[in-house]
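Novice: Each chain is listed here by its residues.
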Amino acid sequence: MNETAIRFENFYYGYINGNVVLHNVNVDIGKGSFTVISGPSGAGKTTLCKAMVGIIPYYYGGRYAGNVEVLGETTKGKRVSDLSMRVGLMLDDYESQLVSLTAGEEVAFGLLNHGFAPNEVEARTKQALADVGLPGRENYQLDELSGGQRQRLLLASVLAVHPEVLVLDEPVSAMDPDGAHALYKLLYKIYQEYQMTVVVVEHNINFLLPYATNMVVMNKGKVAAQGTFEQAAAMAYEVPELRPNLPELWQIKLNLEKRFNIKLGAWRKAEDAIKELQGKFVGGELR
Amino acid sequence: MIEAKAVNFAYHRGEPVINDISCKVENGEFVALLGHNGSGKTTLSRLFMALLHPRSGEVLVDGVNIENLEPADLAHQVGYVFQNPDLQILEDTVFAEVAYGPRCKKKSETAVKEQVDAALEAMGLSDLADAYPRTLSFGQKRRLGVAAALALSPQTLILDEITNGQDEQEKNNMMAYLERLNQEKGITIILITHDMNIAREYARRAIVLQNGDLVFDGTTADLYDGKRELSEWGLSQPIIATLSARFSVEGQTAAEFCEKLHLKEGAIG
Amino acid sequence: MKITAFTQLITVLAVTAWVFLLPVPVVATILVLELALLLYIKHDRLTMAAIGALTVFTGMMILLQLLFGSPLRVSLAGGLRMFVMTTAFLCLLAATKIQDIAQALVEKFHLPCEYAFMLTTALRFVPDFLTDSATTLDAQSCRGYSNRGNIFKRLYSYLAVVKPLVMRAVAKSDTLALSMELKGFGANTYQNMCPQKLGIVDYVVLLIVIVLSTYPLWSKYL
Numbered sequence: 151m152n153e154t155a156i157r158f159e160n161f162y163y164g165y166i167n168g169n170v171v172l173h174n175v176n177v178d179i180g181k182g183s184f185t186v187i188s189g190p191s192g193a194g195k196t197t198l199c200k201a202m203v204g205i206i207p208y209y210y211g212g213r214y215a216g217n218v219e220v221l222g223e224t225t226k227g228k229r230v231s232d233l234s235m236r237v238g239l240m241l242d243d244y245e246s247q248l249v250s251l252t253a254g255e256e257v258a259f260g261l262l263n264h265g266f267a268p269n270e271v272e273a274r275t276k277q278a279l280a281d282v283g284l285p286g287r288e289n290y291q292l293d294e295l296s297g298g299q300r301q302r303l304l305l306a307s308v309l310a311v312h313p314e315v316l317v318l319d320e321p322v323s324a325m326d327p328d329g330a331h332a333l334y335k336l337l338y339k340i341y342q343e344y345q346m347t348v349v350v351v352e353h354n355i356n357f358l359l360p361y362a363t364n365m366v367v368m369n370k371g372k373v374a375a376q377g378t379f380e381q382a383a384a385m386a387y388e389v390p391e392l393r394p395n396l397p398e399l400w401q402i403k404l405n406l407e408k409r410f411n412i413k414l415g416a417w418r419k420a421e422d423a424i425k426e427l428q429g430k431f432v433g434g435e436l437r
Numbered sequence: 003m004i005e006a007k008a009v010n011f012a013y014h015r016g017e018p019v020i021n022d023i024s025c026k027v028e029n030g031e032f033v034a035l036l037g038h039n040g041s042g043k044t045t046l047s048r049l050f051m052a053l054l055h056p057r058s059g060e061v062l063v064d065g066v067n068i069e070n071l072e073p074a075d076l077a078h079q080v081g082y083v084f085q086n087p088d089l090q091i092l093e094d095t096v097f098a099e100v101a102y103g104p105r106c107k108k109k110s111e112t113a114v115k116e117q118v119d120a121a122l123e124a125m126g127l128s129d130l131a132d133a134y135p136r137t138l139s140f141g142q143k144r145r146l147g148v149a150a151a152l153a154l155s156p157q158t159l160i161l162d163e164i165t166n167g168q169d170e171q172e173k174n175n176m177m178a179y180l181e182r183l184n185q186e187k188g189i190t191i192i193l194i195t196h197d198m199n200i201a202r203e204y205a206r207r208a209i210v211l212q213n214g215d216l217v218f219d220g221t222t223a224d225l226y227d228g229k230r231e232l233s234e235w236g237l238s239q240p241i242i243a244t245l246s247a248r249f250s251v252e253g254q255t256a257a258e259f260c261e262k263l264h265l266k267e268g269a270i271g
Numbered sequence: 011m012k013i014t015a016f017t018q019l020i021t022v023l024a025v026t027a028w029v030f031l032l033p034v035p036v037v038a039t040i041l042v043l044e045l046a047l048l049l050y051i052k053h054d055r056l057t058m059a060a061i062g063a064l065t066v067f068t069g070m071m072i073l074l075q076l077l078f079g080s081p082l083r084v085s086l087a088g089g090l091r092m093f094v095m096t097t098a099f100l101c102l103l104a105a106t107k108i109q110d111i112a113q114a115l116v117e118k119f120h121l122p123c124e125y126a127f128m129l130t131t132a133l134r135f136v137p138d139f140l141t142d143s144a145t146t147l148d149a150q151s152c153r154g155y156s157n158r159g160n161i162f163k164r165l166y167s168y169l170a171v172v173k174p175l176v177m178r179a180v181a182k183s184d185t186l187a188l189s190m191e192l193k194g195f196g197a198n199t200y201q202n203m204c205p206q207k208l209g210i211v212d213y214v215v216l217l218i219v220i221v222l223s224t225y226p227l228w229s230k231y232l
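Residue numbers (the working numbering), protein chains in the order written: chain A, 151 to 437; chain B, 3 to 271; chain C, 11 to 232.
Keep in mind that a hint or two might mislead.
With a straight-line Cα cutoff of 20 Å, these simulated PhoX-like cross-link-like pairs (lysine-lysine) come out [claimed, not checked]:
(1) Lys266(B) with Lys413(A)
(2) Lys425(A) with Lys229(B)
(3) Lys408(A) with Lys266(B)
(4) Lys182(C) with Lys143(B)
(5) Lys107(B) with Lys163(C)
(6) Lys143(B) with Lys12(C)
(7) Lys425(A) with Lys266(B)
(8) Lys430(A) with Lys266(B)
(9) Lys425(A) with Lys262(B)
(10) Lys12(C) with Lys118(C)
(11) Lys107(B) with Lys408(A)
(12) Lys430(A) with Lys262(B)
(13) Lys163(C) with Lys108(B)
(14) Lys413(A) with Lys425(A)
For the record, the hints were derived by calculation from the structure and aren't laboratory data.
Next comes chain A alone, as it looks inside the complex (with noise of 0.2 Å):
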């Protein structure tokens, strides 16, 4: 991962009316990296997805300091239209997202707006409706699709346009752990396909476990942790109040590297971690 796809150069962040949120904070995400923002809640990772569009900090206002880069290009002076062309945004209340009556207007939306002619648009959405498992419910209404659908909704919407990157913010959160499963393997699986960069904004670590290259940690509007997942994982393991974010299988291999001075794999599945463990370890109580 050579290229850059979003850089944070020496970023700061205040709300009008609050707190600095951000504080100097540098980040790189890789072009092609599959990145999990983690960390406790109140440090910052919305602010930085809105950061990655523009929203923050010209549509919002506020007080900043430092550089957003998306793609090689700085996000100032730029509409946040255009941005989102080549970062596709979803927050996490995607029920005020979808803003049509029908799937494919909700799709066809953004498309219209950017100026696609109207053959064009009937091919993305068609395209963009198969893709999320949506396939031919054009004219489906909102109210006709469940909690999920309409999430996967939101997302063919937002992969229409193209864009280079996706951004996701919490985008599991008021959801049962087979639908988390569900739309992160079809996140996965999109990401494979047409080779874009994902940034996931996630409590759950373990949900992400099989798919993430990269990980950032944020702490009280600061970077904690950052760099491959291992590394990453790694460091955020040093810090106490930061370890019970970490999946479990990871709170156990650190603690028994760090203890035992020995190497585990990089385990991303329940099966590695038990095939390994019962290769090198016993159970009994300390004597």
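Given chain A, put chains B and C in place with the hints provided.
Specialist: Just chains B and C, lined up with the frame of chain A:
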């Protein structure tokens, strides 16, 4: 004490959602109500609160059939806390918000103050009594929802996905308060949740629903012994439970599990 | 028989003018035609309920006029006019998609796109708010708010619980506005949609409308 006796329920003319369920929750219990999406766990909890009424069978609260009652009638005995705190915040201060319940019941202001202070103290919100509720963090708002239900001094609290969408610290924080309520004040907790770790760590009893049927009613120790195939019921086994079972040790958390492990002879160093 | 939203809008506006220009028997005939049309397009419970509510409202209006001393004929004529105008709007809503109406308003009537889009937004979020209001009432119910009592008491209590809904609406509208900005909403939105072309049927209907609207001018020659 809440009891369901051969309860059946379906929405309007739809498919049955609760099939002949019987169960009883005694005072002082800490129960996790579990099940896949659409299993009927939320519906069952609403039947307990008279938000819905069964097609057949009975729901009894403290021995009384609640078929002719509405939730307001039960508020002194059962508190129901919804998942989204934003949908119920009415007042301009935390105090007034928690006082809403007692004031609806026309209590005297002294009684109201007493009950509100007790509820705020129980949920760690005493310092925020004068704060504007919408400036609270999400975790604090959730606790506000619980305090609001507590203000009427119910014996039982039913909580719908109360830890959903929160980070680990907030989850543990909320659960610690609930545990305290259960252990120090004897309040019955019925927790509807998807989170297997929380259920395993805090609840002592689990009721599992699947497609409207009751498929398990027993201790959480039994449910999470690490040997059951929970995926049959649309649930997942918590990873620590699986690992603990494989190594025949006891461990609630990752750290506890690790303490019980030792390197095998000849393992690579 | 496809009539564009534009033609329908013109017809509705014309009907609104006709109720004052044309004699009462003609207006009554229009009402009968409208009701027949409405029930032909949509005869579900909602439509019947709407007609029922309108009838009641018209009745109340007539009574009110009588109370203020208007003669019976005038009161009845006034009520009839109102009924015809509102039924015309009901027909419009039943016959056309709100998206098409919004598009016609922007294209032909030069309404600013934000106002036109409000029509679609309203329809989009009304079901969501109904669900939210049901949840809010449930939550307050569980805290001791009783739904019993006469209709006025219930309405009054209901007002008290409306506040969380309003707050939520405000928060949602923030996200909605942001969303619209992200998707590039603006003048382009309606410009780039497939234009609604007028067909033969449209011209025929428009001709009839013009003829009927100029009744005062040529009626003297009958």
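Novice: Against the structure shown, which of the earlier numbered hints fail to hold, in ascending order?
Specialist: 6 and 11
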